[in-house]
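Chain by chain, the residues:
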Amino acid sequence: MKFLNNLTFGQYVPADSPVHSLDPRCKILAVPVVLTGIFMAGHVAAFAAWAGLLAALAWYSRLPFRLVLNSAKPVLILVAFTALIHIFFTDGTPILKLGFVTITREGVAAAAQMGLRLLLLVLFASFLTLTTKPMELSDGLERLFSPLVRFGFPAHELAMMMTIALRFIPTLLTETDRIMKAQLARGASFDRGSLWKRLKAFIPVLIPLFVIVFQRAEELATAMEARCYRGGEGRTRMRPLRWSGRDTAALAATVAVVVALAAGERSLLP
Amino acid sequence: MSITVEALCHTYHPGTPLETRALDDVSLQCGRGEWLSIVGHTGSGKSTLAQHLNGILFPDSGTVSVDGMQVVEKSPNMRDIRRAVGLVFQYPEQQLFAEDVMEELSFAPTNWGVQSDRIAPLASAALSMVGLDDSYLARSPLNLSGGEKRKIAIASVLAGEPSYLVLDEPTAGLDSWSRRELTDLLARLKKEGTGIILVTHDLDIALNLSDSILMLDRGRSAAFGAPSEIMRYLVANSVPGLRLPDIAALSAAIGRSDPAAPLTWDRAELKRWIKARETGGRRP
Ligand SMILES: Nc1ncnc2c1ncn2[C@@H]1O[C@H](COP(=O)(O)OP(=O)(O)OP(=O)(O)O)[C@@H](O)[C@H]1O
Ligand SMILES: [Mg+2]
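Top to bottom, those sequences are chains A and B. For the first sequence, my numbering assigns the number 295 to the last residue and increments by one with no breaks. For the second sequence, my numbering assigns the number 714 to the last residue and increments by one with no breaks.
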């Protein structure tokens with residue numbers, strides 16, 4: 026049994042690449058820009074261009090392409106589900122009749138379009154977490170939201186909560202894996218019997234997990250208090266974020282690519 | 431009837447940047463009624479090896495077999511294998527989940543399909559093996575002390591009546607008295623015919639109680655043999671993370687100036703030799 030041994034969705038993969046070293050704010054801002062671009066794409070050629078850009082980005086980030094593709098695995102079901110809905114519920118010229126369902130030419134086209142669009146969205150979005158350390162990510166978000174602090178928005182607190190949550194995900198997965206193995210060794214089985222039985226088999230995993238999580242949370246709180254943590258006010262940073270010319274250039278290039286692709290599709294393709 | 435491992439290799443996360451070669455060409459054998467200790471530096475692959483012995487992890491290459499049953503994924507004998515080989519994980523107290531100790535101790539026997547009227551005697555026998563009495567049966571495992579929790583966790587594996595017992599550093603964090611109780615229990619189980627495989631940092635326990643010792647070094651088997659062979663190996667080679675017990679180090683130091691001195695980790699033996707030398711002049 027493989028358990029949770031696979032890399033989890035979008036987990037940070039260290040590498041020495043120009044994309045990794047960009048300011049996190051630049052990458053965070055680039056994501057909605059790219060997502061808008063993909064949403065505007067409709068033609069096969071446009072999707073091909075985005076797929077090409079994806080491969081180029083993977084190469085530029087020094088990440089194996091297979092690993093990037095793997096990060097979309099958890100959402101494949103969602104993609105397939107969306108595509109199926111479009112196949113069955115789009116009106117148009119029928120090409121196939123199976124009993125009471127009719128599959129239309131327009132339905133197939135819409136399914137392919139939505140499926141590809143979702144897949145590309147997820148794959149591009151996963152670059153943000155693949156190439157940015159969780160700490161940088163939350164630092165970036167905190168800085169982006171800091172203008173709102175004036176209006177009472179808890180930017181620092183939210184960023185801190187996000188950091189801690191992100192930091193705990195791998196720990197939780199490791200702990201779950203360990204406890205599942207330990208119960209397996211005592212004869213538990215998680216993949217046999219009825220659905221009810223399988224759900225019940227998880228009780229001996231969940232209870233120790235809760236105990237560990239609360240213990241960890243308490244230890245962390247104590248450790249933070251012992252180091253005099255008291256929120257964001259007046260707090261300085263060890264590694265202040267630095268926005269450089271490279272970041273401006275990267276963001277500008279992203280906007281340019283999106284605009285060019287959208288304009289190109291409008292004017293060149295029927 | 432034995433656990434046999436041949437040329438076992440295991441890699442975590444193959445084909446990703448996190449790829450780690452945890453075990454590389456490791457072999458061992460341990461029969462019922464024998465005691466094998468696995469020692470090695472932290473990160474040398476001891477826990478990974480232990481998890482192969484009852485089908486929690488599976489070999490990338492090489493073979494593991496338990497009483498002639500091959501341990502492979504989807505083996506039809508998987509339940510028999512897991513039942514035959516009791517595995518006590520590192521920090522087993524973290525796996526306790528039940529409302530009371532009785533339920534905790536019944537978990538393994540119930541899963542193995544033991545008849546319900548036999549379970550209560552098994553539970554209370556396991557409890558007394560780890561030196562606790564029946565008054566614990568109704569208590570919540572979460573309200574016990576760390577050492578008591580550890581004992582309950584070990585008892586919960588013993589209640590499944592395994593033919594082999596694999597323990598991953600069961601003495602870590604225990605006081606010296608509890609440690610002694612635990613090793614006494616293991617020695618007794620061994621005498622009654624259980625095969626003991628003990629993962630430990632404690633060379634004193636390994637040298638004194640094992641029939642054989644496997645020493646791992648960064649996933650490879652550095653040495654495998656009787657305690658005396660391992661002791662000779664350790665005197666000749668320094669192994670990171672492993673320190674000879676004091677008596678053994680002393681006897682090795684004496685041996686360097688007097689080649690007639692015995693190479694031993696046994697306090698009584700060394701004492702006898704020193705006494706004999708004092709009374710009998712130059713040579714005993
Ligand atoms: N679940 C896992 N995923 C990835 N790598 C792992 C995993 N478990 C162990 N490793 C790696 O495999 C190697 C061997 O680990 P293992 O836990 O078997 O060592 P060990 O000898 O038991 O160490 P210790 O004495 O600290 O318990 C280490 O390099 C470790 O980082
Ligand atoms: Mg270990």
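Keep in mind that the hints are not guaranteed to be accurate.
Said to hold, decoys possible - Restraint-style ranges between C-beta atoms, simulated for each label pair:
1) A:L245 to B:A568: 32 to 42 Å
2) B:S505 to A:L293: 57 to 67 Å
3) B:L572 to A:S219: 52 to 62 Å
4) A:F178 to B:R650: 54 to 64 Å
5) A:W268 to B:N667: 33 to 43 Å
Unchecked claim - Cut-off 20 Å, straight-line C-alpha distance, at most; resulting in silico cross-link-like pairs (DMTMM-like, lysine to aspartate or glutamate):
6) A:K222 to B:D497
7) A:K206 to B:D490
8) A:K206 to B:E599
9) A:K206 to B:E464
10) B:K504 to A:E244
11) B:K620 to B:D454
Honestly, the hints are just simulated from the structure, not real lab data. Cβ coordinates follow ideal geometry from the N, Cα and C atoms, glycine included.
Quiz item: Any hints this thing doesn't respect? Which numbers, in order?
Solution: Hints 3, 5, 6, 9, 10, 11 are the ones this structure does not satisfy, whereas the remaining hints hold.
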